[in-house]
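Enquirer: Here the protein sequences line up with chains A and B, keeping their order. Each residue of the first sequence is one higher than the one before, starting from 26 at the first, in the working numbering. Each residue of the second sequence is one higher than the one before, starting from 54 at the first, in the working numbering.
In short, the hints are calculated from the structure, not lab data. Just so it is clear, the structure is predicted and the values come from calculations on it, not from any experiment. Hints should not be assumed to be uniformly reliable.
Distance condition first, Cα-Cα at most 30 Å in a straight line; then the derived DSSO-like pairs of lysine-lysine [as the list claims (entries may be wrong)]:
| no. | chain 1 | residue 1 | chain 2 | residue 2 |
| --- | --- | --- | --- | --- |
| 1 | A | K52 | A | K152 |
| 2 | A | K84 | A | K105 |
| 3 | A | K152 | A | K164 |
| 4 | B | K72 | A | K259 |
| 5 | B | K93 | A | K259 |
| 6 | A | K259 | A | K105 |
| 7 | A | K164 | B | K72 |
| 8 | A | K164 | A | K84 |
| 9 | A | K105 | A | K152 |
Per label pair, the in silico range of CB-to-CB distance [what the hints assert, rightly or not]:
| no. | chain 1 | residue 1 | chain 2 | residue 2 | range |
| --- | --- | --- | --- | --- | --- |
| 10 | B | R69 | A | Q148 | 35 to 43 Å |
| 11 | A | S75 | B | T119 | 58 to 66 Å |
| 12 | A | R323 | B | P124 | 51 to 59 Å |
| 13 | A | N70 | B | T116 | 39 to 47 Å |
| 14 | B | K93 | A | E156 | 36 to 44 Å |
| 15 | B | G118 | A | E156 | 53 to 61 Å |
| 16 | A | V130 | B | S115 | 12 to 20 Å |
| 17 | A | N70 | B | A123 | 55 to 63 Å |
| 18 | B | T119 | A | R96 | 53 to 61 Å |
What the simulated footprint calls covered on chain B by chain A, stretch by stretch (three residues with Cβ under 8 Å from a Cβ of chain A suffice, anywhere in the stretch; the number is not a length) [stated by the list, open to error]:
| no. | segment |
| --- | --- |
| 19 | 61-75 |
| 20 | 79-88 |
| 21 | 93-106 |
| 22 | 114-127 |
C-beta atoms are modelled at their ideal positions from N, C-alpha and C, and glycine is treated no differently.
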Amino acid sequence: MSQLDFFEQFSKGRRALSVSELTARIKTLIEAEFFTVWVEGEISNFTRHSSGHWYFSLKDQFASLRCASFRMQNRLLRFKPEDGLHVRARGRISIYEPRGEYQLVVEHMEPVGLGALQLAFEQRKNKLAAEGLFNSERKRQLPLLPRCVGVVTSPTGAAIRDILRVIRRRNEALNILIAPARVQGEGAAQDIMRAIRLLNGRAEVDVIIVGRGGGSIEDLWAFNEEPLARAIAKSRVPIISAVGHETDFTIADFVADLRASTPSTAAEMVSAARDELSLRLERLTRDLVRAMQQRTNRSRTILGELERSRGFQTLRSRLQSALQRLDFSLNSIERIFIRRLRLHRENLNILAARLSEADLARSLGAHRRRLLSLDARFASVAQGMITSKRERVSVAAGKLNSLSPLAVLARGYAIAFDEKGRAIKRAKDVRAGDRVIVRVNEGQFDCTRNKEE
Amino acid sequence: MSSEKSFEASLDELERIVKQLEAGDLPLEASLELFEQGVKLSRDCQKRLDEAERKVEILLRSTDGTYKPAPFEESESEE
């Protein structure tokens, strides 16, 4: 029966419809016609009923539409509707017969402009910020030298691969303890919370990275859940969030003690301080060896200056004083260098033995080799110089001895002196009757010249 | 935390030794003693830096319901 037929029948027969009949008829027509509609407007008079149902109006400049949204639907919404919010709602028109009213029964609703998830994110962010969960004074310092890094993520995901790759590349002395968790989909947030609790229960864990690789806002949604935010805030161990890419921000990022833009960055962060300290140590060790090298070089220069000294090359008096000085120098050189070198070498041997026992740090190994060669060079130079000094001293002393007239006398020669003590070199220097003093090896005696020959 | 403090303190001490040696106004003997102290500090610090064993482990649920670390083997999988 067409619409026209329906009304004609009743108007001709003048039979009045009951209210119920008419309303039922309207209900049938309207509900069939508006079984699925999209309608856009601003929320007003929003009320949350204790049953979990919501009642509100959607309105624009000229009209208003009553709306109801039931508990089951409401649980699926990711944002909280509020007065003034501009939304697009999908639903069906339903007639409420007792009151002759019609309303939109909402099946789905999304904010206009912002996406639903973005809006939910903003709302949650504002709420937690107001609670002070993001305050900087709440944030804990990362440990300077973490030994064990806990990682909460999917064991098969991109995040753990990236983290391990960075740690391996840097060859960091770090232990990694993974607490596996699903990082997207139903139950992911609970999984992550459980993993954080697990790692908090392990004393060796110094810092925790919570994260996953990139994905859509839906994929990353677990990291926006409020219970997770609270679990991160409560964690005993400092937490670095590392969710998605640089441009992805999650609630977890705001509440974590530190936000890493990516999982790789998080891995860099846990090793940054260690790097700095390691560099400083390497630099200091290098300076230490260089300073010692310069100090020994200076001592070697003093040796060289002694070598070039001309003290014993010419005159007898200077030779003697040079001999004395050399003796003195040799003694002090011996005292300083030889004894110290021996001690030094012993110490080096002990150090070298200890060093070779340990897993050799790269730099220390190199320094040790440099030290050993320095020591060897040092020892051979000092030893060589001392030997050559000694040789030169004994040659000089030999020469000195052979020049001495006493040595000639020892072979049976004699020297004749005149009365004035001058050596007589020609016979004619002595006349008959002159007194001559003859000096032999042991002692001397007087003679008198007989006559001229 | 205290061991970290002592690590930095050791570095500071090493720095002081290097400065003294660099000043160069000490007798050779005293220099050598300082040098040996420095080598010891450097070695201790390096040991501290190398302490961890570079293990990678994963917490797995064992039959009694507790979680125990097991060696982690990377798999070729997606996210």
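Enquirer: It remains to establish, for every hint, whether it holds in the given structure.
Expert: These are the hints, each one checked on the structure:
A hinted pair counts as satisfied when its Cα atoms are at most 30 Å apart, and A:K52 with A:K152 does not qualify at roughly 43 Å. Between A:K84 and A:K105 the alpha-carbon distance is near 18 Å, which keeps this suggested pair within the 30 Å criterion. Restraint check for A:K152 and A:K164: satisfied, since their Cα atoms lie roughly 18 Å apart, inside the 30 Å limit. A threshold of 30 Å between alpha carbons decides the hint, and for B:K72 with A:K259 the separation of about 46 Å lies outside it, so the pair is violated.
Of the supplied pair hints, the one linking B:K93 and A:K259 is violated, its CA atoms being roughly 42 Å apart against a limit of 30 Å. Using a Cα cut-off of 30 Å, the hinted pair A:K259 and A:K105 holds, with the two alpha carbons roughly 26 Å apart. At most 30 Å may separate the alpha-carbon atoms for a hinted pair to count; A:K164 and B:K72 exceed this at roughly 37 Å. The suggested pairing of A:K164 with A:K84 is violated, with an alpha-carbon distance near 45 Å, which exceeds 30 Å.
Using a Cα cut-off of 30 Å, the hinted pair A:K105 and A:K152 holds, with the two alpha carbons roughly 12 Å apart. For B:R69 paired with A:Q148, a C-beta distance near 56 Å fails the hint of 35 to 43 Å. For the pair A:S75 and B:T119, the beta carbons lie near 43 Å from each other, so the given range of 58 to 66 Å is not met. Separated by about 55 Å at the C-beta atoms, A:R323 and B:P124 satisfy the suggested range of 51 to 59 Å.
In this structure the hint that A:N70 and B:T116 lie 39 to 47 Å apart at CB is violated, the actual value being about 58 Å. Between B:K93 and A:E156, the C-beta spacing of about 52 Å breaks the proposed range 36 to 44 Å. Distance hint for B:G118 and A:E156: a CB-CB separation of about 34 Å, inconsistent with the stated range 53 to 61 Å. About 51 Å separates the C-beta atoms of A:V130 and B:S115, a value inconsistent with the hinted range of 12 to 20 Å.
Range check, A:N70 to B:A123: about 58 Å between beta-carbon atoms, so the 55 to 63 Å window is met. For the pair B:T119 and A:R96, the supplied restraint of 53 to 61 Å is violated, since their beta-carbon distance comes to about 39 Å. With 8 residues having a beta carbon nearer than 8 Å to a beta carbon of chain A, the segment 61-75 of chain B meets the requirement of three or more and the stated coverage holds. Taking a C-beta to C-beta cut-off of 8 Å, the segment 79-88 of chain B contributes 6 residues in contact with chain A, enough for the three needed, and the coverage statement holds.
With 11 residues bearing a CB less than 8 Å from a CB of chain A, the segment 93-106 of chain B meets the requirement of three and the coverage assertion stands. Coverage of the segment 114-127 of chain B by chain A holds [criterion: at least 3 residues with CB-CB distance below 8 Å; count 4].
Violated hints for the displayed structure, listed by number in ascending order: 1, 4, 5, 7, 8, 10, 11, 13, 14, 15, 16 and 18.
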